[in-house]
Amino acid sequence: MQKDIIEVSRLNLHYGNNHALKDISISIPEKSITAIIGPSGCGKSTFLKCLDRMNDLVPGVKVTGNVSFKGKNIYDKDIDIVELRKNVGMVFQKPNPFPMSVYDNVAYGPRIHGIKDKAKLNELVETSLKQSALWDELKDRLRESAMRLSGGQQQRLCIARCLAVGPEVILMDEPCSALDPIATAKIEDLMQKLKEKYTIIIVTHNMQQAARVSEKTAYFLMGELIEFDDTKKIFETPKDKKTEDYITGRFG
Amino acid sequence: MELRRSVEEKTFIIITAAAAAITSLLLILIIGKIALEALPALNLYFLTTAEVDTPGYGQAIANAVVGTICLSLLSVAFAVPLSLGTAIYLKKYAKDNVLTRSVRFMIDILSGMPSIVLGVFGMLFIVIYLKPITGGLSLLSGALAMAILILPVIERSAEEAIGTVPRELEEGSIALGGKKWTTIRRITIPYALSGIMTGIILGLGRSAEESAIVVLTAGYSQFYPAVEVLQNSKMPFGAQLGPFQEPVGTLAISVYHMFQFPNIVPRANGFAAALVLILLVMVINLSARVILWRWKIG
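Chain order of the listed sequences is X and S. For the first sequence, counting from 1, position 233 maps to 234 in the working numbering; every step adds exactly one. For the second sequence, counting from 1, position 295 maps to 1744 in the working numbering; every step adds exactly one.
A hint or two may mislead.
[Unchecked claim] To give an idea of the interface, some chain S residues facing chain X are shown, with a C-beta separation under 8 Å as derived from the structure:
(1) L1618
(2) A1624
(3) L1625
(4) G1626
(5) G1627
(6) T1631
(7) I1636
[What the hints assert, rightly or not] Listed below are the simulated DSS-like cross-link pairs for lysine-lysine, each with C-alpha atoms no more than 25 Å apart in a straight line:
(8) K73/X / K23/X
(9) K1628/S / K71/X
(10) K1544/S / K78/X
(11) K1628/S / K95/X
(12) K1629/S / K87/X
(13) K1628/S / K121/X
For the record, the hints were derived by calculation from the structure and aren't laboratory data. Heads up, the beta-carbon is just placed ideally off N, CA and C, and yes, glycines get one too.
Excised from the complex, chain X in its bound form (with noise of 0.2 Å):
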């Protein structure tokens, strides 16, 4: 019986007046895939932020309730936010490569972690490039910049860096929007590696990428929750009308 390593309970969130997530209560399973699903402005981006609190960076942001990663709620005052993000990750939808090398750009996690040994980080950027599908590409290139690589490299890029400091969680922001159906078709293979050791969470406005690669799926309308279940259940028998709607494209 599969662990679930995120535990949402009654999570609402403001921002000032507008009350865009509402009474979410979910729990996410490890080693698995979850996608979020749900028509533009729906609160997925805003649920995913929640989960790495990268939401805090937003002046004005109110949220209570009750996020859990581990049996520990992430938003008491004691958490370690530099540790809940080493072990929450986040992938974005525009690849953001810092300006840099191939290599400095994966070994920035490790390094402002305090890793300072040369061999050390040699084999974290080897080991996370392997991961990401990217180290026969550019393992002669480590040298040259990131800027310089096709879309689709940075995203890998970008999943390589975040796999560096070594998550246990990987919160995807609808990571192939920006990005080709070759680099999309890329990218979604590497997710199903990943998940043998990763929890990835990934939101997405593209239903059919939600039922290619999910195990379970959930669907958000206007700040709630309406529907999370099995991705076959949701997409061929769902128990909602409002999701049976959006599922069909009455609406979208």
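Fit chain S to the supplied structure of chain X, relying on the hints for placement.
Chain S in isolation, oriented as in the chain X frame:
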């Protein structure tokens, strides 16, 4: 209808091109006239000898060239930490509220302050009141007063540069567990560096050509600025530390001196000093561009 539009277009092209031409022409005229007048005085002796080693008055400018460079560099050295710190604090740490907006407003006022006013302040407070520290009219006094002048210049450029750093890069660092200062140090400042450097170079150029402040705080010296310790019973420990606590010569004041006594200083000398000053500022600006260009490529 078509015809009228085309005539309108052509008119504007001609007007704007003429404006650009006139502007360029003006610059060429001014520099050209100065250069022409300066020719008789432009020789190696004039450019490489300190005034103290020449017979008479206003016969060479090497001391002023070195002095100008020293004063500008020292001013920038004082101004940069303060400006950069202010810019980082205002842009990255402070919340956008009345306090930060007031600080920005104060910096704006500071930037609009006439240099003569800063010079008078410098003279009263830095030169006279702080004489035991600064040595009175000296390189140190000049640099401190000048630093106040160029602080807003550097701060504004730095703030603007910091503002251009894309949020997503900083978010990337934070998502990896980076703390705020780590992100600022490793991502924000390196990205903003070219803009910050531009501000520093602007400040450097500004301080090289400034005269009002220099007259009132740096004094003048026919000697090169030199590292030395002079005996002066009026200073603490009886010592005056050169070059900082000694007066320093600058090109702007050289020009002023040379034109003050047209009966003993050939006017070509004055023009030559002015030309050297113009070229010095040009070289500062150009080398800044080269440094930035090479840094961007590398």
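Is K1544/S close enough to K78/X, meaning Cα to Cα at most 25 Å?
-> OK: K1544/S and K78/X at ~22 Å, within 25 Å.
If you take the shortest Cβ to Cβ gap from G1626/S to chain X, is it below 8 Å?
-> holds, 4 Å
Holds or violated: are the alpha carbons of K73/X and K23/X at most 25 Å from each other?
-> Given that 25 Å is the threshold and the Cα spacing comes to 21 Å, the pair holds.
Given hint K95/X paired with K1628/S - CA-CA distance at most 25 Å | Roughly 22 Å separates the two Cα atoms, so the pair holds.
Proposed interface contact between G1627/S and chain X, which counts if any beta carbon pair is under 8 Å | holds, 5 Å
Closest C-beta approach of L1618/S to chain X relative to 8 Å, hint status = OK, holds: L1618/S within 8 Å of chain X, min 6 Å.
Interface hint compliance - I1636/S to chain X, C-beta minimum distance less than 8 Å = Hint on I1636/S: holds, closest Cβ of chain X at ~7 Å, below 8 Å.
Is the hint on A1624/S kept, meaning its closest Cβ partner in chain X is under 8 Å away?
-> holds, 4 Å
Taken at face value, is the distance from the CA of K71/X to the CA of K1628/S at most 25 Å?
-> holds, 23 Å
Hint check: is the beta carbon of T1631/S less than 8 Å from a beta carbon of chain X?
-> At 5 Å from the nearest chain X Cβ, T1631/S passes the 8 Å test, so the hint holds.
Is the Cα-Cα distance between K1628/S and K121/X 25 Å or less?
-> holds, 22 Å
When the least beta-carbon distance from L1625/S to chain X is tested against 8 Å, hint result = Result: holds, 4 Å to nearest chain X Cβ.
Hint check: no violations occur; every hint is consistent with the structure.
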